Amino acid sequence: MYENLAAQRFFRSKQAGITSLTQLQSTPVGDARWVLADIDGDLYQLVLSGDDDVLPDELAALRDAFLAEQAFGMGELEVLSRPVVPEDGSVKISAAEQSNSSVIFSGESPAIAKIFRKLEPGINPDVELLSGLSHVGCKYVPALRAYSTIEWSGDTYVTAMVQDFAAGSREGWDLALHYATDMQPFTEEAGLIGTALSAVHRDLTTAFGTEQVAAASLVEGLSDRLESLIAQAEVLRPFEPAIRELYARAATGTATVQRIHGDAHLGQILRTQDKYLLIDFEGEPARPLAERRQMFSPLQDLAGFIRSFGYAAHFGSNLADPEGWAADCAAAMLEAYGAQASPLLDALVLDKALYEVVYEANNRPDWLHIPLEAVKRLIGA
Numbered sequence: 001m002y003e004n005l006a007a008q009r010f011f012r013s014k015q016a017g018i019t020s021l022t023q024l025q026s027t028p029v030g031d032a033r034w035v036l037a038d039i040d041g042d043l044y045q046l047v048l049s050g051d052d053d054v055l056p057d058e059l060a061a062l063r064d065a066f067l068a069e070q071a072f073g074m075g076e077l078e079v080l081s082r083p084v085v086p087e088d089g090s091v092k093i094s095a096a097e098q099s100n101s102s103v104i105f106s107g108e109s110p111a112i113a114k115i116f117r118k119l120e121p122g123i124n125p126d127v128e129l130l131s132g133l134s135h136v137g138c139k140y141v142p143a144l145r146a147y148s149t150i151e152w153s154g155d156t157y158v159t160a161m162v163q164d165f166a167a168g169s170r171e172g173w174d175l176a177l178h179y180a181t182d183m184q185p186f187t188e189e190a191g192l193i194g195t196a197l198s199a200v201h202r203d204l205t206t207a208f209g210t211e212q213v214a215a216a217s218l219v220e221g222l223s224d225r226l227e228s229l230i231a232q233a234e235v236l237r238p239f240e241p242a243i244r245e246l247y248a249r250a251a252t253g254t255a256t257v258q259r260i261h262g263d264a265h266l267g268q269i270l271r272t273q274d275k276y277l278l279i280d281f282e283g284e285p286a287r288p289l290a291e292r293r294q295m296f297s298p299l300q301d302l303a304g305f306i307r308s309f310g311y312a313a314h315f316g317s318n319l320a321d322p323e324g325w326a327a328d329c330a331a332a333m334l335e336a337y338g339a340q341a342s343p344l345l346d347a348l349v350l351d352k353a354l355y356e357v358v359y360e361a362n363n364r365p366d367w368l369h370i371p372l373e374a375v376k377r378l379i380g381a
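Heads up: the sequence shown begins at 1 in the numbering used here, then just goes up one per residue.
Keep in mind that the hints were calculated from the coordinates and are not lab data. These figures come from a predicted structure and were not determined experimentally. One thing to keep in mind: the hints can contain errors.
No more than 25 Å apart at the CA atoms, straight line, and that leaves these computed lysine-lysine pairs for BS3-like [said to hold, decoys possible]: (1) 275 - 139; (2) 376 - 352; (3) 92 - 118.
Quick list of simulated restraints, FRET-style, between CB atoms [stated by the list, open to error]: (4) 363 - 136: 37 to 43 Å; (5) 171 - 137: 21 to 27 Å; (6) 210 - 362: 32 to 38 Å.
Virtual Cβ for every residue (Gly too), placed ideally from N, Cα, C.
Please put together the full structure from these sequences, using the hints given.
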């Protein structure tokens, strides 16, 4: 069982493997068992069964629990809107690769449930931000319907959430690749992305407020991790002086900070018939929970989409000028959003490109040129 669990996408420490697993709580779920487990000091919720054919019973039990407005397994369910899930229609596990498990409930009022596998104490940013956005009536996110929590060792853990399901929608990344492969401009779509992001940011300020900080305090974090990034990808070493010079230009004046998406890219948006929806507000999974809940510059989300345009321009396309295609997308998004190019935005885009260099150098060296060329363009090398 250890080997099977360690291979799952939701298990974070794949290289180290599993050395200990302690069952803390257990309750029947259909013909399987819901288990709260301590795995090497981290808390996980699992559904265990020795029968490969038990899955339909598990999904039926999940729907029955939500229809009864009860948590799946153990804990409490907080209901924000009804119905939590539709009474009829199919129930299936999403085929998308995710670190959590998503279950789709089709029917008259389709819903999607996200089951968190690795549990963290405290407020879940996805639930927190979607709750706030739903409360102010944001039209650019799938509304939150319910979420469940458990109490363990004096802490509260969010175990699942249910929200509207955008049936028939298409992931932004897939759509952008389609346009790039067909060598078609994506600027109109990029403008719609800018419109959606602007509305979400505006509604986040309504729900959670804003603060003014010194821009230097934002850039300080970028500078602090630069040496670590260079140590992991020495190809960046020659560019360090120019990078720090760009950071210095960005570290002047004040900046507005607020709650943001925190992990914005084309894979985090859905194209519906008339607009884009932003999804998955957990923030970057590798960052600590407290850090993901901090206010930051909304330009960070714009930077994420700008780098995502850059990747879409290269993946599987025959564009004669991929950099120009991506730049046109960025310009259209910024115009629709109501933002302009700035040293701080450049610094945030550069920080993302530096991280990408490290990732590609260690995982996909054939793709290293994509972020490395972006770094060179940003610093004028």
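Those earlier numbered hints the structure runs against, lowest number first: No numbers; nothing is violated.
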